[in-house]
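Trainee: Please construct the entire structure, taking both the sequences and the accompanying hints into account.
Chains as they are written, first to last, in this note's numbering: chain A, 1 to 112; chain B, 1 to 113.
Because the hints were derived from the structure by calculation, they are not lab data.
Take the hints with a grain of salt, since some may be wrong.
[Stated by the list, open to error] Simulated crosslink set (DSSO-like; lysine-lysine; CA at most 30 angstroms straight-line):
no., chain 1, residue 1, chain 2, residue 2
1, A, K70, A, K56
2, A, K57, A, K70
3, B, K42, A, K56
4, B, K42, B, K78
5, A, K70, B, K42
6, B, K57, B, K42
7, B, K57, A, K70
8, B, K42, A, K59
9, B, K57, B, K83
10, A, K70, A, K59
11, B, K78, B, K57
12, B, K42, B, K83
13, A, K57, B, K42
[As the list claims (entries may be wrong)] Chain B is nowhere near these chain A residues, computed Cβ spacing over 12 angstroms in every case:
no., residue
14, L19
15, T20
16, G53
17, K57
18, D67
19, T77
Don't be surprised by glycine CBs; every beta carbon is placed ideally from N, CA and C.
Take a look at the letters that make up each chain.
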Amino acid sequence: TQLLEQSPQFLSIQEGENLTVYCNSSSVFSSLQWYRQEPGEGPVLLVTVVTGGEVKKLKRLTFQFGDARKDSSLHITAAQPGDTGLYLCAGEGGSTLGRLYFGRGTQLTVWP
Amino acid sequence: EPEVTQTPSHQVTQMGQEVILRCVPISNHLYFYWYRQILGQKVEFLVSFYNNEISEKSEIFDDQFSVERPDGSNFTLKIRSTKLEDSAMYFCASIRTGPGELFFGEGSRLTVL
Numbered sequence: 001t002q003l004l005e006q007s008p009q010f011l012s013i014q015e016g017e018n019l020t021v022y023c024n025s026s027s028v029f030s031s032l033q034w035y036r037q038e039p040g041e042g043p044v045l046l047v048t049v050v051t052g053g054e055v056k057k058l059k060r061l062t063f064q065f066g067d068a069r070k071d072s073s074l075h076i077t078a079a080q081p082g083d084t085g086l087y088l089c090a091g092e093g094g095s096t097l098g099r100l101y102f103g104r105g106t107q108l109t110v111w112p
Numbered sequence: 001e002p003e004v005t006q007t008p009s010h011q012v013t014q015m016g017q018e019v020i021l022r023c024v025p026i027s028n029h030l031y032f033y034w035y036r037q038i039l040g041q042k043v044e045f046l047v048s049f050y051n052n053e054i055s056e057k058s059e060i061f062d063d064q065f066s067v068e069r070p071d072g073s074n075f076t077l078k079i080r081s082t083k084l085e086d087s088a089m090y091f092c093a094s095i096r097t098g099p100g101e102l103f104f105g106e107g108s109r110l111t112v113l
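Mentor: Given below as structure tokens:
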């Protein structure tokens with residue numbers, strides 16, 4: 001089993017602040033995906049990072065994959081109340097396409 | 001936009017009863033999955049299905065669980081004799097081809113009493 005430790009579990013910040021969510025493992029993943037999940041809904045893919053050291057930007061969100069492909073981070077700049085939600089990281093590491101190992105998630109609350 | 005649809009959205013059942021959760025993956029997708037999420041816990045992989053057979057299953061997916069693609073559109077998860085600990089949100093997902101984005105359905109909440 002490939003474990004992904006995600007931190008922090010909860011994050012409560014004011015609008016305009018920056019934040020970083022971390023996803024760490026002792027295992028190497030072929031890709032690392034970040035999802036956002038709203039209550040009562042399924043996870044929705046935000047980004048996939050594949051190459052060690054890769055950085056991807058999605059508006060105010062910056063995703064980074066560690067050089068060794070064991071860790072990843074999500075950085076949000078100038079957070080807004082609309083960013084509130086559950087953020088999940090998931091690693092793809094086995095031989096089966098789509099077999100993901102999920103972190104526990106970070107519940108982000110951004111206050112106006 | 002094409003989406004994965006799941007029914008029912010919520011099912012309540014008695015322990016020991018059989019449950020079938022249904023999914024309609026996106027029409028041109030080839031790889032199908034079931035994941036589950038117990039309240040407050042991680043999303044966990046159950047099973048992957050390709051070319052009409054299981055390609056991988058987790059240790060959770062014991063002989064009480066089965067999957068089927070009875071026709072060209074539906075993908076079902078059957079739990080033969082439900083236990084209290086089967087209470088969870090069950091997500092169906094699909095991929096068109098690899099590597100590709102995994103699309104999740106909105107989930108079916110199963111409550112076992």
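Trainee: Next, verify each hint and record whether it holds.
Mentor: Status of the hints after comparison with the structure:
1. Note on K70(A) and K56(A): the hinted pairing holds, with a Cα-Cα distance of about 16 angstroms set against a maximum of 30 angstroms.
2. Only pairs whose Cα atoms come within 30 angstroms are accepted, and K57(A) paired with K70(A) is accepted, the gap being roughly 19 angstroms.
3. Simply put, K42(B) and K56(A) have alpha-carbon atoms about 25 angstroms apart, close enough for the 30 angstroms limit, and the pair holds.
4. For the hint pairing K42(B) with K78(B), the CA-to-CA distance comes to about 21 angstroms; that is within 30 angstroms, so the pair holds.
5. For the hint linking K70(A) to K42(B), the alpha-carbon distance of about 18 angstroms falls within 30 angstroms, and the restraint holds.
6. For the hint linking K57(B) to K42(B), the alpha-carbon distance of about 17 angstroms falls within 30 angstroms, and the restraint holds.
7. For the hint pairing K57(B) with K70(A), the CA-to-CA distance comes to about 23 angstroms; that is within 30 angstroms, so the pair holds.
8. Using a Cα cut-off of 30 angstroms, the hinted pair K42(B) and K59(A) holds, with the two alpha carbons roughly 27 angstroms apart.
9. Of the supplied pair hints, the one linking K57(B) and K83(B) holds, its CA atoms being roughly 19 angstroms apart against a limit of 30 angstroms.
10. Between K70(A) and K59(A), the direct Cα distance comes to roughly 25 angstroms. Compliance with the 30 angstroms bound is thereby established for this hinted pair.
11. A distance of roughly 14 angstroms separates the Cα atoms of K78(B) and K57(B); the hinted pair therefore holds under the 30 angstroms criterion.
12. Note on K42(B) and K83(B): the hinted pairing holds, with a Cα-Cα distance of about 19 angstroms set against a maximum of 30 angstroms.
13. At most 30 angstroms may separate the alpha-carbon atoms for a hinted pair to count; K57(A) and K42(B) meet this at roughly 26 angstroms.
14. Consistency note on L19(A): stated as away from chain B, and its beta-carbon is indeed over 12 angstroms from all of that chain's, at 21 angstroms minimum.
15. The claim that T20(A) lies off the interface holds: its Cβ sits roughly 21 angstroms from the closest Cβ of chain B, which is beyond the 12 angstroms cut-off.
16. The Cβ of G53(A) sits about 19 angstroms from the closest Cβ of chain B, beyond the 12 angstroms cut-off, so the non-interface label holds.
17. Listed as outside the interface, K57(A) is consistent with that label: its C-beta sits roughly 18 angstroms from the nearest C-beta of chain B, beyond the 12 angstroms cut-off.
18. Every beta carbon of chain B lies more than 12 angstroms from that of D67(A), the smallest distance being close to 21 angstroms; the non-interface claim holds.
19. For T77(A), the requirement that its beta carbon stay farther than 12 angstroms from each beta carbon of chain B is met, with the minimum near 25 angstroms.
When each numbered hint is compared with the structure, no violation occurs for any of them.
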